[in-house]
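Q: Protein chains in written order, with numbering that gives the first Met the number 0: chain L, 0 to 326; chain W, 0 to 392.
Just so you know, these hints were derived from the structure itself, not from any lab. Don't take every hint at face value.
[Claimed, not checked] Okay, the calculated beta carbon distance ranges per label pair:
| hint | chain 1 | residue 1 | chain 2 | residue 2 | range |
| --- | --- | --- | --- | --- | --- |
| 1 | L | Leu278 | W | Asp203 | 46 to 54 Å |
| 2 | W | Asp188 | L | Glu7 | 46 to 54 Å |
| 3 | W | Asp128 | L | Asn105 | 35 to 43 Å |
| 4 | L | Gly264 | W | Phe323 | 33 to 41 Å |
| 5 | W | Tyr221 | L | Thr170 | 32 to 40 Å |
| 6 | W | Lys286 | L | Gln129 | 49 to 57 Å |
Glycine included, C-beta positions come from ideal geometry on N, C-alpha and C.
Below are the chains, spelled out letter by letter.
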Amino acid sequence: MTETTITEKKKEKPIKWREMAFEERPVLAAGHRLCAGCAAPLVVKFTMMATEDPSICVSSTGCLEVSTTIYPYTAWQTPWVHCAFENAAAVASGIEAGLKALMRKNKIPKRKTNVIAFSGDGGTYDIGIQALSGALERGHNILYIVYDNGAYENTGIQRSGATPYGAATTTSPGGKVIPGKPEFPKDIVKIAAAHDVQYVATVNVAYPKDFVKKVRKALAADDASFIHAFAPCPLGWRADSSMSIRIADLAVKTCMYPLYEVDCGEFKLTKMIKKENKLPVEEFLKTQGRFRHLFKPTRRDDVISDMQKWVDWKWQQLLRLCGVKEE
Amino acid sequence: MGEIVGMTGDESIAYAVKLCDPDVIAAYPITPQTIMVERLADFVYDGELDSEFIPVESEHSAMSCCYGSSIAGARVFTASASQGIALMFEILFIVSNARLPVVMGVANRALSAPINIHAGLEDQLVCRDTGWISIFCHDCQSAYDTTIMAFKIAEDKEVSLPLMYGIDAFIISHALEGVETLEKREVGDFLPPRDPLYVLDPDDPISVGSLALQDSYYELKYAQEQVMINSMKTIKKVQEEFGELTGRYYNVINTYYAEDAEVILVTQGAITGTARTVVDRYRSQGKKLGLAQVHVYRPFPEKELRDALKGAKVAATIDRSITFGAPGPILYSDVKVTTSNGGPIIQGFIAGLGGRDVRIEDIAKVADRAFETAKTGEEPTKISWIGVRGVEF
Numbered sequence: 000m001t002e003t004t005i006t007e008k009k010k011e012k013p014i015k016w017r018e019m020a021f022e023e024r025p026v027l028a029a030g031h032r033l034c035a036g037c038a039a040p041l042v043v044k045f046t047m048m049a050t051e052d053p054s055i056c057v058s059s060t061g062c063l064e065v066s067t068t069i070y071p072y073t074a075w076q077t078p079w080v081h082c083a084f085e086n087a088a089a090v091a092s093g094i095e096a097g098l099k100a101l102m103r104k105n106k107i108p109k110r111k112t113n114v115i116a117f118s119g120d121g122g123t124y125d126i127g128i129q130a131l132s133g134a135l136e137r138g139h140n141i142l143y144i145v146y147d148n149g150a151y152e153n154t155g156i157q158r159s160g161a162t163p164y165g166a167a168t169t170t171s172p173g174g175k176v177i178p179g180k181p182e183f184p185k186d187i188v189k190i191a192a193a194h195d196v197q198y199v200a201t202v203n204v205a206y207p208k209d210f211v212k213k214v215r216k217a218l219a220a221d222d223a224s225f226i227h228a229f230a231p232c233p234l235g236w237r238a239d240s241s242m243s244i245r246i247a248d249l250a251v252k253t254c255m256y257p258l259y260e261v262d263c264g265e266f267k268l269t270k271m272i273k274k275e276n277k278l279p280v281e282e283f284l285k286t287q288g289r290f291r292h293l294f295k296p297t298r299r300d301d302v303i304s305d306m307q308k309w310v311d312w313k314w315q316q317l318l319r320l321c322g323v324k325e326e
Numbered sequence: 000m001g002e003i004v005g006m007t008g009d010e011s012i013a014y015a016v017k018l019c020d021p022d023v024i025a026a027y028p029i030t031p032q033t034i035m036v037e038r039l040a041d042f043v044y045d046g047e048l049d050s051e052f053i054p055v056e057s058e059h060s061a062m063s064c065c066y067g068s069s070i071a072g073a074r075v076f077t078a079s080a081s082q083g084i085a086l087m088f089e090i091l092f093i094v095s096n097a098r099l100p101v102v103m104g105v106a107n108r109a110l111s112a113p114i115n116i117h118a119g120l121e122d123q124l125v126c127r128d129t130g131w132i133s134i135f136c137h138d139c140q141s142a143y144d145t146t147i148m149a150f151k152i153a154e155d156k157e158v159s160l161p162l163m164y165g166i167d168a169f170i171i172s173h174a175l176e177g178v179e180t181l182e183k184r185e186v187g188d189f190l191p192p193r194d195p196l197y198v199l200d201p202d203d204p205i206s207v208g209s210l211a212l213q214d215s216y217y218e219l220k221y222a223q224e225q226v227m228i229n230s231m232k233t234i235k236k237v238q239e240e241f242g243e244l245t246g247r248y249y250n251v252i253n254t255y256y257a258e259d260a261e262v263i264l265v266t267q268g269a270i271t272g273t274a275r276t277v278v279d280r281y282r283s284q285g286k287k288l289g290l291a292q293v294h295v296y297r298p299f300p301e302k303e304l305r306d307a308l309k310g311a312k313v314a315a316t317i318d319r320s321i322t323f324g325a326p327g328p329i330l331y332s333d334v335k336v337t338t339s340n341g342g343p344i345i346q347g348f349i350a351g352l353g354g355r356d357v358r359i360e361d362i363a364k365v366a367d368r369a370f371e372t373a374k375t376g377e378e379p380t381k382i383s384w385i386g387v388r389g390v391e392f
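Please model the entire structure based on the sequences and the hints provided.
A: Written out as structure tokens, the structure is:
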């Protein structure tokens, strides 16, 4: 529990993109095998651009891991560790505790080192939630970032706890009777926030400035912090790879994936979408083949309207939490 | 040389771990390992031990934290048993492949189901394929001593492998025995600080845990096996050095009256102590009974076991474990394969599952049965279960 929020404590430094782009920052080298249009490497890139101290990265099993570290090659220009699917938070906890003990006992030089875990939605919402909850509860000084592409894309687009309602995946197909995933996704951000850690936020690859600011705040926390990164997957979403940033932008403008932070318990909307600018969810759905069955051969107004109602309900809930009144 | 202190098996491990000054302890409670981590928590919370104590939310995370801390360069300890080991099973393989000298104390407990908290060695025996060095102790003193040797063996740069060592649930974990202790200074001189094989240096970054496919996995596994085989040299060297320090000499196979024995009992864990008593009785009656305790189980001391058994007519293995549908239980199978090119007849026995008492009379029955086999020279065709109600022995 702290009296000062991270936003108050951390003086905001201006984001100078040109300088940041040309500075030698340890990020991902070119030549990794992630797909064109995949947002995962952007999530890594924006995160690492925001760092001011050296970082050790951890990945759970998933696209990012298999595509960046095919032995004997690696794309990682900073120390990187992978263990298994469900335990990125626990591995990061261990690294943090190890460094802390070694520095305290003067066995290694004292140096602020970020420990950042990257995991997909499957490794976070589903199989990794226990390890994540444990790490958040124990308050290790780590940053955990979920790149949410809404399915187990690496194993062939199976549904996860993050998959949107109505989306077709290989285990929730757009069937003749059941039109895609029948369940709404779980609210991992609020689950993380319920651990009362100092900083929790959502980011989006279409909003890099907001992204970098939030990572800086998360790394300034003296606690575990959690960031949800919305991350389009052209392959799994049956979308054009040139459309990823456009789709990411629509996710915010339809209020399906709003941008906000929970800073020491205070909810704050970081991108207000005014009533008159709020786009219908249909605009988001139309861009992706995983929702095609909702439009062809017959239009499923029932499903689309259920989704709209759910999005409106979640949005209103969030506005209340953020103390925002719509005019 | 330190004083003799009364301790349970769990406590002897905790006190020995304290002397080894670990940087990180990550553990989850499970009966009957709990006292190990409770004592360590006491030491940390009372400021007697400078370690990060991570009270994880599961054994899976315990081993995952150990993985992370060990990669960071820390000396790491954890402890578990039974279901806990089953839960962390996945990560055990990953820790050994990364060449991380994580040390784990095990209170060997029968696996569920049915749930049972008492002795069984199968929790550790089923880890035989995980790439961990595996040792079974037979009393509180050996648990204490093995703890100190464990860090030195595991962290030796030629080895750099994880190591698990077990004590039978309750029979050792909760039994109070006199343990001859060591001074902190003595352990400090014996055990050098950890000098990791590799470190996570932001100025010289490496990737740990890469994807290795058909073109490299095979060679990597071959290399890992060579390290495991070669670790035997270090294990023996450390046992020798420990003997010089304390006068307590351990061997990978601890023998007792084996040299001229006609029948040798092959044991692991707490049963060893009872078997020694049986050997004493038989020797006093002039019967040539001996004992070979498989103390180090992985890497398996093939040569040493063959040497120990070479003069005997029958070797009777006593397994406190079960592997279903196999040609025989785990220890039996390893002993049988080791002696397949000549050596004594191997006669297999199962005893004491779920913590059932294995009494002197039970082991005497095993010895008698083995002496009968020695007389007839006929190889038995089945594994005998000692003392199963309703089943003829």
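Q: None of the hints should be skipped; say for each whether it holds.
A: A quick look at each hint next to the structure:
A C-beta distance of roughly 48 Å is found between leucine 278 (chain L) and aspartate 203 (chain W), which places it inside the suggested range of 46 to 54 Å. Here the CB-CB span from aspartate 188 (chain W) to glutamate 7 (chain L) is close to 52 Å, well matched to the stated 46 to 54 Å. One distance hint, 35 to 43 Å for the beta-carbon pair aspartate 128 (chain W) and asparagine 105 (chain L), holds here, with the actual separation near 39 Å. Here the CB-CB span from glycine 264 (chain L) to phenylalanine 323 (chain W) is close to 53 Å, at odds with the stated 33 to 41 Å.
The hinted range of 32 to 40 Å is satisfied by tyrosine 221 (chain W) and threonine 170 (chain L), whose Cβ atoms lie roughly 37 Å apart. Look at lysine 286 (chain W) against glutamine 129 (chain L): about 56 Å separates their beta carbons, and that is inside 49 to 57 Å.
The earlier numbered hint that this structure contradicts is number 4, and it is the only one.
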